[in-house]
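Colleague: Okay, here's what each chain looks like letter by letter:
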Amino acid sequence: MSLHATTSQTVGPFFTIGLRRLNKTNLLGPGVSGEKISIEGRVLDGNGKPVPDAMLEIWQANSHGRYAHPEDDQNNQLKPGFQGFGRIGVDENGGFVFTTVKPGAVPGPDGKMQAPHIAVSVFARGLQLRLVTRIYFPEEALNADDYVLNLVEPERRATLIARRTAVAGALQWNVILQGVDETVFFDC
Amino acid sequence: MSNIRGYRRPAPETQPQHLHPPYVSSITRAPSKPLVHMPHTLTEVTGPLFGIEAVDVKACDLTRQHSGEPLGERIIVSGRVLDEDARPIPHTLIEVWQANAAGRYLHKVDQHDAPLDPNFTGCGHTLTDDEGRYRFVTIRPGAYPWRNHHNAWRPAHIHFSVFGPAFATRLVTQMYFPGDALLHFDPIFNCTADEQARNGLISVFDWANTIPDQALGFRFDIILNGREATPMEK
Chain X
0 MSLHATTSQT
10 VGPFFTIGLR
20 RLNKTNLLGP
30 GVSGEKISIE
40 GRVLDGNGKP
50 VPDAMLEIWQ
60 ANSHGRYAHP
70 EDDQNNQLKP
80 GFQGFGRIGV
90 DENGGFVFTT
100 VKPGAVPGPD
110 GKMQAPHIAV
120 SVFARGLQLR
130 LVTRIYFPEE
140 ALNADDYVLN
150 LVEPERRATL
160 IARRTAVAGA
170 LQWNVILQGV
180 DETVFFDC
Chain Y
0 MSNIRGYRRP
10 APETQPQHLH
20 PPYVSSITRA
30 PSKPLVHMPH
40 TLTEVTGPLF
50 GIEAVDVKAC
60 DLTRQHSGEP
70 LGERIIVSGR
80 VLDEDARPIP
90 HTLIEVWQAN
100 AAGRYLHKVD
110 QHDAPLDPNF
120 TGCGHTLTDD
130 EGRYRFVTIR
140 PGAYPWRNHH
150 NAWRPAHIHF
160 SVFGPAFATR
170 LVTQMYFPGD
180 ALLHFDPIFN
190 CTADEQARNG
200 LISVFDWANT
210 IPDQALGFRF
220 DIILNGREAT
230 PMEK
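Respectively, the protein sequence lines represent chains X and Y. The opening residue of the first sequence carries number 0 in numbering that gives the first Met the number 0; numbering runs sequentially from there. The opening residue of the second sequence carries number 0 in numbering that gives the first Met the number 0; numbering runs sequentially from there.
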């Protein structure tokens with residue numbers, strides 16, 4: 000017997016009513032170890048206008064490269080207190096910011112390690128399906144060999160890599176939904 | 000660790016196109032470049048899990064969040080969360096939100112000239128049980144106008160957000176009601192080409208869960224991506 004997965008529908012403009020309860024913009028907590036980082040940016044539409052009714056969900060490994068999930072059977076450390084999930088709404092200017100630790104490298108499909116990355120789902124009015132993308136880190140040696148980054152044409156890879164700012168630990172990364180500088184989205 | 004069992008991809012036309020011009024908001028927001036196909040890695044086959052500590056057990060009854068009863072037709076919405084092989088998805092978080100009986104959301108952006116109900120917030124959540132079952136008590140939401148096109152009205156619907164076992168199974172959708180004349184005209188409902196897939200969003204009137212003298216029942220099963228049969232080879 001095979002069913003088909005239920006059709007996705009947009010979150011619409013009023014999703015905060017139901018979803019803000021789980022908003023989480025700071026993934027740090029007692030006992031969470033690793034390099035503290037913050038990532039700020041904006042969600043922009045095809046005209047370069049801010050999207051004020053969008054939401055990001057993030058999913059990441061801890062600083063040891065371990066996911067808080069039973070299917071991650073690696074032996075590296077899983078300390079309580081770091082779930083790896085965040086839900087971040089945007090403000091009226093499409094702006095967002097969240098604080099977390101830089102994830103460790105995790106195994107990839109080619110037997111090599113994947114470069115550190117954060118998986119992102121983008122939801123908004125106008126999006127009938129979530130958009131899936133990733134945040135990678137600047138000046139990261141593993142980026143060159145990363146299996147998923149290498150699926151992307153070289154000139155578009157920069158859309159997936161956060162940029163350093165003048166402030167240590169503060170990174171910048173935008174979601175551009177459409178257009179010349181469109182963020183790479185994955186069929187996932 | 001290199002052999003990851005991924006999740007299945009949707010059958011053709013059973014999911015919406017990103018760009019669906021009759022839904023005007025998609026025109027400047029849908030990606031214009033093709034999505035990059037990627038295999039599921041450890042990142043995608045894991046995902047956030049929420050336990051009972053993340054849940055308020057009373058939040059499955061949207062009619063008991065205030066001092067009085069909300070206005071409108073009390074209903075029971077229940078069903079199961081299953082995968083594509085009909086296996087139940089136990090202990091997964093479902094979040095819902097909706098308009099009140101007059102078709103008004105408790106949200107500052109909603110300017111529809113219909114009354115707010117001081118006894119109805121319109122949000123709830125629950126975990127599925129061991130057999131993937133869930134149950135909400137709420138009121139039937141009203142239809143409401145929107146500005147997508149001339150004389151545009153959304154059919155009555157309840158928004159559902161479901162996590163499932165992995166990042167790859169995350170789903171947000173909308174549940175509709177049987178026999179709603181507005182479905183035919185709604186660009187959001189009609190954004191999916193496959194008719195059977197669309198109709199899967201329409202709940203079924205549910206005698207078995209209708210409570211005499213109290214509430215009508217509606218059944219809505221939610222299907223999440225199934226698992227690939229064999230692990231991906233490197």
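In short, the hints are calculated from the structure, not lab data. In this text, all values refer to a predicted model and were calculated from it rather than measured experimentally. Among the clues, some could well be false.
Stated by the list, open to error - From chain Y, some residues computed to sit far from chain X (all C-beta separations above 12 Å):
| hint | residue |
| --- | --- |
| 1 | N2 |
| 2 | Q16 |
| 3 | Y22 |
| 4 | E43 |
| 5 | T62 |
| 6 | D82 |
| 7 | F184 |
| 8 | R197 |
| 9 | W206 |
| 10 | Q213 |
Unchecked claim - Computed cross-link-like contacts, EDC-like style, restricted to lysine to aspartate or glutamate with a CA-CA straight-line distance of at most 20 Å:
| hint | chain 1 | residue 1 | chain 2 | residue 2 |
| --- | --- | --- | --- | --- |
| 11 | Y | K32 | X | E181 |
| 12 | Y | K32 | X | D90 |
| 13 | X | K23 | X | D90 |
| 14 | X | K101 | X | E181 |
Quick reminder that beta carbons are idealized off the backbone N, C-alpha and C, glycines included.
Colleague: Each of the hints needs a verdict: does it hold here or not?
Modeller: Consistency of the hints with the structure:
| no. | hint | result |
| --- | --- | --- |
| 1 | N2 | violated (9 Å) |
| 2 | Q16 | violated (8 Å) |
| 3 | Y22 | violated (7 Å) |
| 4 | E43 | violated (6 Å) |
| 5 | T62 | holds (16 Å) |
| 6 | D82 | violated (8 Å) |
| 7 | F184 | holds (16 Å) |
| 8 | R197 | violated (6 Å) |
| 9 | W206 | holds (23 Å) |
| 10 | Q213 | holds (24 Å) |
| 11 | Y/K32 - X/E181 | holds (8 Å) |
| 12 | Y/K32 - X/D90 | violated (26 Å) |
| 13 | X/K23 - X/D90 | holds (14 Å) |
| 14 | X/K101 - X/E181 | violated (24 Å) |
Checked against the numbered hints above, the structure violates hints 1, 2, 3, 4, 6, 8, 12 and 14; every other hint is satisfied.
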